[in-house]
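All chains should be built: construct the whole structure from the sequences, respecting the hints.
Here the protein sequences come in this chain order: X and H.
Using the working numbering, you'd call the opening residue of the first sequence number 23 and step up by one each time.
Using the working numbering, you'd call the opening residue of the second sequence number 23 and step up by one each time.
Keep in mind the hints are simulated off the structure, nothing from the lab.
Note that the structure is a prediction, hence the values are computed from the model and not measured.
Certain hints may be false.
It does not matter which identical chain is used: a pair holds within one copy or between any two.
Stated by the list, open to error - With a straight-line Cα cutoff of 20 Å, these simulated EDC-like cross-link-like pairs (lysine to aspartate or glutamate) come out: (1) Lys-299 <-> Glu-272; (2) Lys-316 <-> Glu-216; (3) Lys-299 <-> Asp-79; (4) Lys-290 <-> Glu-218; (5) Lys-316 <-> Asp-160; (6) Lys-299 <-> Asp-268; (7) Lys-290 <-> Glu-216; (8) Lys-290 <-> Asp-317; (9) Lys-316 <-> Asp-281; (10) Lys-290 <-> Asp-280; (11) Lys-299 <-> Glu-198; (12) Lys-290 <-> Asp-303; (13) Lys-299 <-> Asp-335.
Given next are the chains, with one letter for each unit.
There are 2 protein chains.
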Amino acid sequence: MTRDIRFTLVGLGNIGRNLLDILVHRQEAIARDYGLRFVLVGAADSSGAALDPAGLDMAAIRDHKLVRRGVATLPGVGRAGMSALEMVRAVTADVLVEAAPTNLQSGQPGLDCVRAALDAGHHVVMADKGPLVLAFDDLMAQARAAERRLAFSGTVAGGLPTVNIGVRDLAGSGVERVEGIFNGTTNYILTRMEAEGLSYAEALQGAQAAGIAEADPTLDVDGWDAANKLIIIANSVLRRPTTLEDVTVEGIRALTLDDLAAARAGGKVIKLLALAKRMGDDYALSVRPTALPKDHPMARTGMWDMGVVYHTDYMGVISAVIEAEGPVATSAAVLRDMINLYAAS
Amino acid sequence: MTRDIRFTLVGLGNIGRNLLDILVHRQEAIARDYGLRFVLVGAADSSGAALDPAGLDMAAIRDHKLVRRGVATLPGVGRAGMSALEMVRAVTADVLVEAAPTNLQSGQPGLDCVRAALDAGHHVVMADKGPLVLAFDDLMAQARAAERRLAFSGTVAGGLPTVNIGVRDLAGSGVERVEGIFNGTTNYILTRMEAEGLSYAEALQGAQAAGIAEADPTLDVDGWDAANKLIIIANSVLRRPTTLEDVTVEGIRALTLDDLAAARAGGKVIKLLALAKRMGDDYALSVRPTALPKDHPMARTGMWDMGVVYHTDYMGVISAVIEAEGPVATSAAVLRDMINLYAAS
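See below:
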């Protein structure tokens with residue numbers, strides 16, 4: 023006997039599309055293991071929206087997006103020009119999955135969608151970092167007031183349960199230090215420079231060819247993406263209201279093979295490290311290229327890896343690493359959040 | 023404004039005593055961060071029990087146990103000869119913390135205490151493995167029927183959130199393979215043999231001197247402890263009803279420095295690996311000395327480490343390692359379970 027959970031989906035890029043693909047393949051297992059059946063009742067992309075209270079065809083939408091067609095063109099259910107916000111407001115649902123492209127200036131359209139969803143009594147699961155970076159405390163307060171959950175485990179290192187380990191598994195202990203490799207693109211670049219002697223430019227080209235760096239890779243290589251993830255961790259795990267102003271950021275553009283060789287001569291490896299270091303009652307937050315001892319858990323991460331190390335007072339040092347080629351693991355993280363809204367564990 | 027959570031504690035060895043110590047030090051932080059105040063209303067050890075509905079003095083009990091005195095000798099509150107089960111039945115509480123010594127033949131006294139607590143409407147947090155190894159499905163069914171939670175994250179690799187990652191963070195994805203270093207004693211021994219060239223006997227002596235191996239180390243060195251942890255993982259993460267009969271077990275007693283050298287010559291490291299490997303619809307379960315490639319995440323674990331690797335279909339490969347010298351991290355795991363019964367996350 024399964025319980026139907028109606029969800030809306032904003033954003034049908036890789037994350038949204040892969041989420042639908044996983045759901046199509048795993049529907050039976052999810053029903054068997056959790057007694058849940060996720061029903062897509064509204065979806066929005068740049069073309070407009072599609073709505074069906076009886077449930078949209080998730081496989082059809084996935085296939086539509088694979089050939090880059092908008093959901094507004096779906097027969098019967100499509101609504102050309104309808105905005106994501108309008109879709110969220112038009113639909114009765116239990117959960118909003120917010121996977122709109124991250125906008126770090128305004129947080130839109132995700133931010134308005136999240137607020138509207140909470141206002142309408144929907145839980146929210148986020149892959150979009152913008153609203154969290156810009157308005158973490160407001161959103162959490164709104165969720166609490168609405169007695170709804172706002173989950174975002176996929177926003178910091180994709181499938182790696184960075185947020186979940188920090189928030190739930192360290193509960194009761196004090197966190198002294200957090201070290202993270204939170205940006206896959208720069209770890210790919212630095213790992214290939216180190217292991218294969220590629221120049222920065224060559225390794226960046228490789229990342230672009232592999233589809234993990236944009237034509238404009240600024241967000242990744244200048245450290246902003248890693249900083250945003252550190253901001254989310256500082257707000258959630260460290261309970262420290264944090265914005266970008268609180269983080270010292272330095273990217274990897276200026277790194278040369280000579281820099282890496284000098285580090286290697288000292289038994290070290292250079293990684294773009296996100297760091298929260300306890301300073302009295304507060305934490306110093308930074309993202310910068312850092313020479314780590316070569317047996318440091320983060321020094322050993324490979325070209326497809328991201329990771330985190332939590333140094334605690336009573337719980338020792340806990341490190342976690344994910345090896346995942348491509349973006350599917352982030353969609354799997356969104357799915358775990360959806361399930362955990364309802365699963366008794 | 024805090025909410026009082028009354029708890030009972032069975033077992034005042036290292037785990038129980040350190041739990042009280044952490045609570046004494048972290049009471050203020052827990053009240054501030056979670057709005058919770060844990061009040062100890064009953065405690066039992068081999069001397070008998072102590073009861074006080076207004077709350078026992080946790081610091082005093084901790085100090086009592088540090089000098090190996092029984093709680094039954096505490097003035098006013100002590101009850102000589104009262105059993106743990108009698109204490110659980112006599113006390114009104116919200117949570118039982120079951121940290122009795124693990125008994126793998128009968129599961130007692132823990133098993134009866136867990137059943138009595140659930141019967142009386144208490145949640146249960148366990149550090150004791152015996153009842154879970156012997157009666158996992160029964161206990162989970164009883165908890166579900168009682169609409170109460172049974173948490174046990176401290177039972178598999180102490181502070182490392184092995185169970186939590188497996189059950190909650192992989193939700194929705196399929197687990198193909200689990201590899202674990204679940205026993206600290208044998209990892210200490212094998213790491214020192216490998217790194218320092220100590221013989222098995224010398225390394226075992228070191229473990230005993232360090233307080234992490236008993237005078238009779240059979241449970242650890244013959245692989246039974248690792249097997250019990252694998253049983254708990256198979257039941258909870260893999261949802262596969264499992265008993266010791268399902269696990270092929272081989273310990274480390276017969277390993278020599280020659281074995282380690284032969285592995286090293288092939289670029290490998292020998293570790294006592296707990297393994298769940300998918301075989302069709304089922305899993306093959308084993309604990310045995312295994313030669314791992316030296317860059318395998320488990321090959322790199324150090325003398326104070328334990329770890330796990332989850333290989334999934336959609337969520338990549340997630341590995342986690344804890345470095346913790348001594349038993350305190352297990353008590354921290356019990357505390358996180360206590361908090362997570364109540365914390366909105």
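key: Up to 20 Å CA-CA - Asp-160 versus Lys-316, copy category   = neither (41 Å within a copy, 47 Å between copies)
Notebook entry, point to check: Given a CA cutoff of 20 Å, do Lys-316 and Asp-281 count as a within-copy pair, a between-copy pair, both, or neither?
Noted result: Result: close within a single copy only, 15 Å intra versus 27 Å inter.
* How would you label the pair Lys-299, Glu-198 (within, between, both, or neither) given a Cα cut-off of 20 Å? -> within (7 Å within a copy, 36 Å between copies)
| message | With identical chains, the pair Lys-290 and Asp-303 could be close in the same copy or across copies; at 20 Å between alpha carbons, which is it: within, between, both, or neither? | response | neither (31 Å within a copy, 44 Å between copies)
| message | As a check of your reading, is Lys-299 near Asp-335 (CA-CA no more than 20 Å) within one copy, between copies, both or neither? | response | within (13 Å within a copy, 35 Å between copies)
Within, between, both or neither, where Lys-299 and Asp-268 count as close if Cα-Cα is 20 Å or less: within (13 Å within a copy, 45 Å between copies)
request  = If the cutoff is 20 Å on CA atoms, where do Lys-290 and Glu-218 land: within, between, both or neither? Let me know, please.
outcome  = Classified as within: same-chain Cα gap 16 Å, cross-chain 23 Å, threshold 20 Å.
Q | Within, between, both or neither, where Lys-290 and Glu-216 count as close if Cα-Cα is 20 Å or less | A | within (11 Å within a copy, 23 Å between copies)
Legend entry - Status of Asp-280 relative to Lys-290 across identical chains (alpha carbons, at most 20 Å): The answer is within: 13 Å in one copy meets 20 Å, while 31 Å across copies does not.
If the cut is 20 Å between Cα atoms, do Lys-316 and Glu-216 qualify within a copy, between copies, both or neither?
Both: 12 Å inside a copy, 19 Å across copies.
Quiz item: How do Lys-299 and Asp-79 come out at 20 Å by Cα distance, when the copy is not named: within, between, both, or neither?
Solution: Close neither inside one copy (47 Å) nor across copies (34 Å); limit 20 Å.
My question is about Lys-290 and Asp-317: at a cut-off of 20 Å on alpha-carbon distance, are they close within one copy, between copies, both, or neither? both (8 Å within a copy, 17 Å between copies)
The structure shown violates the earlier hints numbered 3, 5 and 12.
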